[in-house]
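This is what each chain is made of:
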Amino acid sequence: MHKKLLIVVVEPDSDRAKSIVDGLRQAGDHEIRVMAEQAGLARQVASLQPDVVLIDMANPSRDVLEELALASGPSERPVAMFTDSTDEQLTRSAIEAGISAYVVDGLRPERIKPILDAAIARFYIMQRMKAELAATRAALEERKVIDRAKAVLMKVRGIDEEAAYALLRKAAMDQGKRLAEIAQQLVMAAGLLGK
Amino acid sequence: MSLRLGYVPLIDAAPLIVAQELGFAAEEGLRLELVQLGAWAQARDMLGAGMIDAAHMLMPIPIGQALGLGPPLPAMDLVMFMSQGGQAIAVNRVIEARLRGIGYGFDFADPRAAGQALRQVAKAPLRVGVPFTFSTHLELTDYWLRVSGFAPEEVKLITVPPPRMADATAAGEVEMFCVGEPWASFAVEREAAALLLPGTAIWAAPPEKGLVLRRDFTANRPDETGALMRAVWRAGRWLDQPEQRGLAAEIISRAGYLDLPSELADRGLSGRLLLCADGELRDTPRFIAFNDGAASFPWRSIAALIAKRIALRHGKDLDVAMARAMQHFRTDLYRKHLRPAGAALPGASSRLEGMLAEDRMVAAESGQMILRADGFFDGFTFEPPEQTSSEA
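So the protein lines, in turn, are chains L and A. Per the numbering used here, the first sequence starts with residue 2, numbered consecutively. Per the numbering used here, the second sequence starts with residue -17, numbered consecutively.
FYI, nobody ran anything at the bench for these hints, they're computed from the structure. Keep in mind the model is a prediction, meaning the values are calculated, not measured. There's no promise every hint is true.
Unchecked claim - The list that follows gives simulated cross-link-like pairs (lysine to aspartate or glutamate, DMTMM-like), each with its CA atoms no further than 25 Å apart: (1) L:178 to L:162; (2) L:131 to A:15; (3) A:290 to L:38; (4) L:131 to L:142; (5) A:298 to A:149; (6) A:298 to A:368; (7) A:318 to A:198; (8) A:298 to L:89; (9) A:105 to L:106; (10) A:298 to L:88; (11) A:298 to L:68; (12) L:171 to L:133; (13) L:178 to A:3; (14) L:131 to A:241; (15) A:298 to L:106; (16) A:138 to L:68; (17) A:138 to L:143; (18) L:178 to A:136; (19) L:145 to L:106.
Claimed, not checked - Interface residues of chain L toward chain A, partial, derived using beta-carbon atoms under 7 Å: (20) 63; (21) 93; (22) 96; (23) 99; (24) 174; (25) 175.
C-beta: ideal position from N, C-alpha, C; glycine also.
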C-alpha cells in the first residue's frame, strides 16, 4: 500500500473548495487540507510539506508558490512545479482547465494522474458555474435597468408600459444598439436631468 | 486578424493597451483581445498552453523557462522589450522614520548612501517584497543590497503579488519592497510606505517587461508576429512623447484595465512621484521608457547577464545557462519585423552591459542611433560570452 498523499487546496471561496475536495475524494483515499488564507501562504504550505498543492491558475498567490517551488534550501523545498513526469499533455490539460498543480519532486506519475484528472474535471464544472452565475447576474442587471428606463418614459411621456417598451425597442433598432444600452443611457440622462 | 494577449495590470502594460485603443494595432490589420491576468505564472502557463498568443511578461521569465526552471511547456521567446524602468523601491513607515531619524534625506540620487543608511537602521533579516522570483525587481534589489554591504543572510526576498504589496507592508509581512508602478504609489497613497529609490538609480536602463510569444507561433505565423511587434513598437514610440503621458494615464486607468484613479498611473508615467502621503514630489526623469534610446531592442547580452544571475542562485552551469538564454532573445526577429517600420537597429546584438555613463550616438545598421546610458550605480560592467549560435 502507498502511504496517503497530503493534498493542499488553496481556495478562498469555501463552496468552490468543497466542490474540489468532493472531486478529489473520488480519486482516492488522500488527506486533503483546504487553505483560504492568502497572507503567509508560503510559510503555511512549507510547514505542512504537502505532496500536491492545487490552486486556481489566476490566483495571484500562485506567484508565491513559484518562489517556494524554486527555493534552494532543502528544508524549503516541499513542491516542484507541476509534475516531474514532464508529462506536457497533462500539464496543458490542467492549465486549460484553469488549475495549477504543484507536485513534490519524485512523486510517481501514476499516483499524480488520477488526482489531477479529478481536479481538472472539477475545475471545468466550476468554470461553467462561474460563467452561468456571471451571465445570470448580467441578465438581472439589464432587466433592472430596462424596467427603470420604462418607468422614466412612462412618467415623462405619460404612456403605458407597453408603449414605453416599444419606444425603447425602436430606439435600439434605429441606433443599432442593444436594448439594455439604450436603457442605460436613458436612465443616466434622466438622473442628470433630475427626472 | 485577432490576437489574444495577456497582461498584468501595471503602467508598463501601456504599449499593449495603447496599441489597441489608439489604433496602432488596427493599422496593422490586427484586433487585440486583451486578457487581464492575476499572476505572472498564469501568463507563462496560458502562453505555454496556447490560450493566449502573446504575453506582457517580466523580462526574466522566459530566461527561467529556458533554464528549465518552470513547468514543461513549449519554447517561448522574447521578441522585444516593452518597457525599461518603472520600478520603485519603498520602505515601510517604521524604517522611514528611522531613516529620517539618522538624517537620511530621501533624495532618490545615491543608492549607495541609501543602502548604507538602510543597513544602519534595519534589523536582520530585512524582509523585502518582490513581485516574482524571476523579475528585474529581484535582480535590482538583490544587487543593490549586496553592493551596499548586506550579507546574503541579512536579506530575505519574499514574493508578494503587486496589488497586495501595500497590504503586505501595512501588515508587517515585508518591511521594504520593489514593485512596478502604480503599485508603489498605491502603497504610498495608502500610507503604508515611502519611496526610497527608483529602479533607474541602481541601473540606469533596467529592462522590465518583454513581449513574449511561443517559438512555434513566431515561426508559423510570421505576418501576425510582425504586425503585433510593429503595433507595440509604434505604441511605445507614441508613449515616449512626454505630452502624451497624461492621456496614456487616462486610457490605461479605465475600468477594464487598471481600474484605478488616473492620477495614480500618471505619477509613474510622468515621473513625478510622491515620496510619501504627506510628502514632497520627486521629479524622476526617465523613470520609465518604452522605446527611446533603443529601449525595446532585446540585447542578447541582457539575456546572458540575467541568466548568469539566475544560474548562480539555482546552482546551474553558468556557461550553458547564458548560451541557452541568449537564444530566447530574438534580435533576429526584431531586425526582420521592425526594419520595415523604420526602427533604429544597432550594428551588434550583444554588447558590454553597464558601459554607458551617458547617452551615446553610435553607428546603426543604417546611419546613427542614440543608445541610452545604462550604467550601474557602482560602475559594474558585464561582458557577455561570444556568440556561437547563428545570429541574424
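>> For each hint given before, does the structure comply? Return the numbers of the non-compliant ones in rising order.
In response: 3, 5, 9, 12, 17, 18, 19, 23, 24, 25
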